[in-house]
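S.K.: These protein sequence lines are chains A and B, in that order.
Residue numbering for the first sequence follows UniProt numbering, beginning at 1 and increasing consecutively.
Residue numbering for the second sequence follows UniProt numbering, beginning at 1 and increasing consecutively.
Read the hints as simulated data drawn from the structure, not as lab findings.
We treat Cβ as the ideally placed atom computed from N, Cα and C, and that holds for glycine.
Incorrect hints may appear among the rest.
Where chain A lies over chain B, by a calculated footprint (3+ residues, C-beta under 8 Å) [stated by the list, open to error]: (1) 37-44; (2) 52-66; (3) 69-81; (4) 179-192.
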Amino acid sequence: MANEVILLDFWPSMFGMRTRIALREKGVDFEYREENLRDKSPLLLQMNPVHKKIPVLIHNGKPVCESSIQVQYIDESWSHKNPILPSDPYQRAQARFWVDFIDKKMYEAQRKVWASKGEEQETGKKEFIELLKILESELGDKPYFGGDDFGYVDIGLIGFYTWFPGYEKYGNFSIEAECPKLIAWAKRCMQRESVAKSLPDSEKVTQFIADLRKAFGVE
Amino acid sequence: MASSTILLDYWPSMFCMRARVALREKGVEFEAKEEDLTNKSPLLLQSNPIHKKVPVLIHNGKPVCESLNVVQYIDEAWSDKNPFFPSDPYGKAQARFWADFVEKKFSDAQFKIWGKKGEEQAAGVKEFIEAVKILEAELGDKPYFGGDSFGYVDIALITFYSWFGAYEKFGNFSIEAESPKLIAWCKRCMEKESVSKSLPDQEKIVAYAADFRKNNL
C-alpha cells in the first residue's frame, strides 16, 4: 500500500516545524496543508477532535496529534535512516526530558516577550533568557544536544529560532549577546536541508508577530 | 556491579505512584526514599536541579525525572516482561497521546477540585467531568486503555483513583454517577498487586487534602 502522508499545519508554528523537519530527515514525501486557525477545516476538527490544534499528521488516513508524539512516531515508522532518538534507554530519557522542558516552559515564556508590555514583559524577558541559558548550558560544547548527531532535542527547539528576531525586536534585547553558543548551534542546524526547508524566513515571522500584537492590542 | 534503583518519593503524589506501579509491574526491587517537600533533600536537589520535583528515579546512580518519562524509561530499561506499549508505532503514538491528555487536561482540572474553592473549584469539577467522559469514551468496552493488557495509559491514569474520595468530598459530586465504566476500570486495575501496593488508601488522601485546604484556603 502506498504511503500517504498529510500534514495539517500553520506556517509560523514552531511545533509544526518539528514535524516538517522530522519528515524531511527521513526523506518522507508528504502533502502540506495550510490551516486557517480562525476557520479550521472539517478535516482538522475530525482528525483532532480532542484538542482541535495543529500540527496533525495523517498517515494512511490515521491521525497522530501533538508534535513531540509525531516526531517519535516518524522516527519509529521510518526507522531505516537518520535515527532521531538515541537507542540507549537513559539517553532517550534525557532527550525526552529536554523536549518536555521546552514544551512546558518555552512557549509561555516566549509569549510574554512579544505579547505583553511593561512589567509583565520585563518578567517574561527575564524568565525567557534564564530558560535559554539553561538550554545553552545543557548543550555545552556539543555540536548538537544529542552529541555528534542532530536529533530529538534539536528538532524540538530549532523552530523557535525563526521567532528570535521578533523576540529581540519587541523585547529590545540581543539573544546572541546572552547566549552566543545557542545561536552558533542554531546556525549549525540551519545548514541542514531538512531544517532550512522547514523553517519560514524570520522576517515573515516578525511581521506575523507585529500583526498579532496589533490584533491583541499590545501596540 | 549490583544494580541499584532508588525512587525519590512522596506518598500522596499521584505522579510518584506511577513510578511505583511501573517498577512493580516489572518486578524491580527498589528503595523508596520519602521526601519532605518543605525541606528537600540534597540528593533530590542534585538529581533534579531543573524542576526540583518528585518523583526522581535514580538507576545505577543516574537520575530520570518527570513521571511519564520515568515510566517510559522503566519500560525500556526492563524490557523483558510486561511491556507497557503495543509494538506498532501507531499504537505507541495513541498511548502517548492519551497519557499526554491525562497530563494536560485531567491533572489541572483535578487540582482545582481539592486545591481551590468557589468559582475556580466549580470550574475544576466541570472540566474534570468533561475529561472523564472523554477518557471513558476512549476506553470503550476494552478492559484496559491499552486493550487486553494493562499499559502506559492505565499507569498514567489509575494513580488519580487514590484521590477520588477527595474529589468527591470537596467537589461534592459522585464520580461513579458520572462515569460508571471508569470506576469499573479503576476497580479492575486495583486487583493488580502492582497497583494496590502502590496507591495509598483514599481516606488518607482525603485527610491530606483536608489539611491542605485548612492551611492554604
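S.K.: Which of the listed hints are broken here?
M.R.: 1, 4
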